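Hints are included, so try docking the two chains, each in its own frame, into the full complex.
Sequences listed follow chains V and F, in order.
The working numbering puts the first residue of the first sequence at 77, with every later residue one more than the last.
The working numbering puts the first residue of the second sequence at 400, with every later residue one more than the last.
Everything labelled a hint here was simulated from the structure, so no lab data went into it.
What you are looking at is a predicted structure, and each value in this text was computed from that prediction instead of being measured.
Just so you know, even glycine gets a beta-carbon here, dropped at the ideal spot from N, CA and C.
Just a few of them, taken from the derived set where beta-carbon distance is under 7 angstroms, the chain F residues facing chain V:
1) L445
2) F490
3) G504
4) Y505
5) S509
6) G510
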Amino acid sequence: AQKVTQAQTEISVVEKEDVTLDCVYETRDTTYYLFWYKQPPSGELVFLIRRNSFDEQNEISGRYSWNFQKSTSSFNFTITASQVVDSAVYFCALSERTGTASKLTFGTGTRLQVTL
Amino acid sequence: GAVVSQHPSWVICKSGTSVKIECRSLDFQATTMFWYRQFPKQSLMLMATSNEGSKATYEQGVEKDKFLINHASLTLSTLTVTSAHPEDSSFYICSARVLEQALPGYTFGSGTRLTVV
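Pulled out of the complex, with its shape left as it was, chain F reads as follows (with noise of 0.2 angstroms):
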């Protein structure tokens, strides 16, 4: 149980663009949603959690102009990257809290690698 769904796996797409990554919650409902970024050989960075119905909180540093969170359900949560540039390409990765003793606490997607080009 427990498992979030990340699409897309990798997406590459040209500079200006915006592309938009997705996340479900298959068999919960998720509250809240955690979107991080991994830049190779990096630690996972949070950039905003995710409320379902309200706006997101964004981490110090984060444009929320840029990474538009969507939440518009307890089992969807959409990243929009707008205007990607080459910088912007990085690992993103979706997480969400789970409650249940018997699992981990927080369950993550699978991750989008995204190439800026």
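Chain V extracted, bound-state conformation (with noise of 0.2 angstroms):
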């Protein structure tokens, strides 16, 4: 079974401090997505990035960058600069497979509190 893990449950910084949000997975497939959401007080999800499994490349866009090891099944999440609207929930995600009955699975979560 697909198992996600973001053993931080709160972190909080001071604005422009960079922050590393972790996640760790399990998962038999060979085949799987990953992705990381924000969910800010009002509730709604928001996506920030997807990655399959076959490809290790990290990605950088704007602040944000991510760091996918398969050798340690993380996929870990920066925040360079932070800004108190970077405050949230974040979520890591798995899904197994593809197709579309595919189900996502949440890790539980890490509250980010950026103060000024």
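This is the structure in structure tokens:
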């Protein structure tokens, strides 16, 4: 069965600090997708990134970057120069296989608080 | 593209009544939709997978008679919380899988905050 672990329950940083959110996953499939979502207080889920299991290239998007390492089953997310607007709950998620019936399994989330 | 519209955004109902939540795929056909429940400060837990034209598949521990799911068309799935009780108060969110490569893979509704009083 697939499983996603986000060991950090809450992180508090001061604005402009860099912060890394950890994500470790378990799956028996060789084909899978990993996701990061942001959930602000309003509740809606904001898609941040999708990575398939065959693409281990790290990715950078503005202040966001992701480090995917299959050897350690990790897909960590770093925010550089954090801002107050980054305050939210961040979820890492895993989807095995492909097709419309593949369900998404979420980690427990990391609540990020960025203060001035 | 690939927008899921979920209504209502919030609802308050009396204990013992039923509440229906709708999710519509606006610009694509959703063969399968997923229904999640999220309690405060917790993760999203999959309740059931809704398949168009057939019975939903419920996760272990989810009462199918209490959480009725109907997916009668490729663009509409509904979740009805029957005989709601205060412990059913939660955030409910639907999702559909999107297969086009340019899109994120899963699109989510904006969620429904249910409060049972």
